[in-house]
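J.: Going down the list, the sequences are from chains V and B.
Residues in the first sequence are numbered consecutively from 28, following my numbering.
Residues in the second sequence are numbered consecutively from 28, following my numbering.
Just so you know, the hints here were simulated from the structure itself, not pulled from any lab data.
Incorrect hints may have been included.
Any copy will do: because identical chains look the same in the list, a pair fits if it lies in one copy or spans two.
To be verified - Computed list of lysine-lysine pairs in DSSO-like fashion (alpha-carbon distance at most 27 Å, straight line):
{"no.": "1", "residue 1": "Lys201", "residue 2": "Lys111"}
{"no.": "2", "residue 1": "Lys163", "residue 2": "Lys201"}
{"no.": "3", "residue 1": "Lys216", "residue 2": "Lys201"}
{"no.": "4", "residue 1": "Lys77", "residue 2": "Lys201"}
{"no.": "5", "residue 1": "Lys216", "residue 2": "Lys111"}
{"no.": "6", "residue 1": "Lys77", "residue 2": "Lys48"}
{"no.": "7", "residue 1": "Lys232", "residue 2": "Lys163"}
{"no.": "8", "residue 1": "Lys232", "residue 2": "Lys201"}
{"no.": "9", "residue 1": "Lys48", "residue 2": "Lys232"}
{"no.": "10", "residue 1": "Lys163", "residue 2": "Lys216"}
{"no.": "11", "residue 1": "Lys49", "residue 2": "Lys216"}
{"no.": "12", "residue 1": "Lys77", "residue 2": "Lys111"}
{"no.": "13", "residue 1": "Lys232", "residue 2": "Lys77"}
{"no.": "14", "residue 1": "Lys111", "residue 2": "Lys49"}
{"no.": "15", "residue 1": "Lys49", "residue 2": "Lys232"}
{"no.": "16", "residue 1": "Lys216", "residue 2": "Lys48"}
2 protein chains.
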Amino acid sequence: MAETYEDQQDILGDVVQLFWKKGYSGCSMEELVQATGASRYRFYEYFGSKRALFLAALDYYHAYHFQPPLSIIADEDAGLDEIKAFFARRTLHACSEQGRYGCMIFNSFSDPGAFDLDVALQLRSYRNPLLTLFIKALQNGQTAGTVRNDVSASSLAAQLYNQLFSMMSLSRLKDHEDIIEQSVHATLKGLETTDKSKLASEIRKQLSALNRQATTR
Amino acid sequence: MAETYEDQQDILGDVVQLFWKKGYSGCSMEELVQATGASRYRFYEYFGSKRALFLAALDYYHAYHFQPPLSIIADEDAGLDEIKAFFARRTLHACSEQGRYGCMIFNSFSDPGAFDLDVALQLRSYRNPLLTLFIKALQNGQTAGTVRNDVSASSLAAQLYNQLFSMMSLSRLKDHEDIIEQSVHATLKGLETTDKSKLASEIRKQLSALNRQATTR
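Bound-form chain V, shown alone (with noise of 0.2 Å):
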């Protein structure tokens, strides 16, 4: 049993490389069998149906592909700083060679061929973590006075979505690097608390410290 999990998983791990860079319709069943050399006979016996193994390879891209970037901001403290660090490492990644293959789970919100309600489902399973993180994150931002307070962490944390959907997205084309890096820069830095709490204790200062001129006068 072990050793057919573990067969499985390997078999999976070439055929996401195919489903990634080619998209659903753009892999026949007799390429994907081919690529990862296993039997067709195998195939059927794991997976049913080449929609079947599309939905197994959705989520071996989420567990070794999506997530383990997110780890940055899957931290308890995590805030402004590591959503800081995290969209530096998807544009360095956007912006790179391995960009030009998108994102396997954004890629498929936008493939006729692929898209149906099991796939949806199963997409929506990985958007609502993502955007608890992002959530959370920016809870705690907030809480630290890094992170703007007077537009919700939920609409802040859609924004956050959003941006990485696009950027993932267009990185597919060639000429979008420029796109990318200056949303990010105007995203992230739209995220920033307004000036106001520390010109607030600016004031408070400079108000005591005339008091105190007022008092010894």
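Chain B: place on chain V using the hints.
T.: Showing chain B alone in chain V's frame:
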């Protein structure tokens, strides 16, 4: 000649509906011919190939669907209010039944079947004027003091481009209305000037009040 042109435009109007909703790979030439009621002979006489037909359809879509909503920010004096009005209307559209089809131009970015060098060049020819429109309106806002000026207009324009791309792409999925509305809210809020100048005048007022108190004591 004039009649031929009108004839072509009529055909393109029908063709656009199909390409838009089903994608390049999702439409066969047979289906396209049938949908327009034109003859196969006329199709090839006018457009040469499915590829050439698609390029002509993109231009048609750009002229009759993509450009018109932009008129609101194309005004010489357009600023933050016009940017907000534009995104409010795009949000309504994205969250409507029509939004399910996304945007034919942005859809082509992620359709592996549609995308080649000719398409890429054509898409770029739509992108730059759009960025220019955003930059102009943002600069007007910066001059008027309504748009933040600690981030360049070109970075903010890249962010708006990303926002538009992601909302018109995520709208193809059923359950992203909330993400779209919240992210638009956060993005527009992030454009606004910080409260620095308002607070500075508040400081000044309070200080002079204290000064008056100190001198009359």
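J.: Confirm or reject each hint.
T.: A quick look at each hint next to the structure:
1. Lys201 with Lys111: Answer is within; shortest intra-copy Cα gap is 24 Å, inter-copy 30 Å.
2. Lys163 with Lys201: Result: close only across copies, 25 Å inter versus 34 Å intra.
3. Lys216 with Lys201: Only inside one copy: lysine 216 and lysine 201 sit 25 Å apart there, 30 Å across copies, limit 27 Å.
4. Lys77 with Lys201: between (30 Å within a copy, 24 Å between copies)
5. Lys216 with Lys111: Classified as both; 10 Å inside a copy, 19 Å across copies.
6. Lys77 with Lys48: Close inside one copy (16 Å) and across copies (25 Å); limit 27 Å.
7. Lys232 with Lys163: Answer is neither; intra-copy 33 Å and inter-copy 39 Å both fail.
8. Lys232 with Lys201: For lysine 232 and lysine 201, the Cα distance exceeds 27 Å both inside one copy (52 Å) and across copies (52 Å).
9. Lys48 with Lys232: neither (58 Å within a copy, 61 Å between copies)
10. Lys163 with Lys216: Intra 19 Å, inter 20 Å, cutoff 27 Å: intra and inter.
11. Lys49 with Lys216: neither (35 Å within a copy, 38 Å between copies)
12. Lys77 with Lys111: Result: close neither inside a copy nor across copies, 38 Å intra and 45 Å inter.
13. Lys232 with Lys77: Neither: 68 Å inside a copy, 71 Å across copies.
14. Lys111 with Lys49: Classified as neither; 31 Å inside a copy, 38 Å across copies.
15. Lys49 with Lys232: neither (61 Å within a copy, 64 Å between copies)
16. Lys216 with Lys48: neither (33 Å within a copy, 36 Å between copies)
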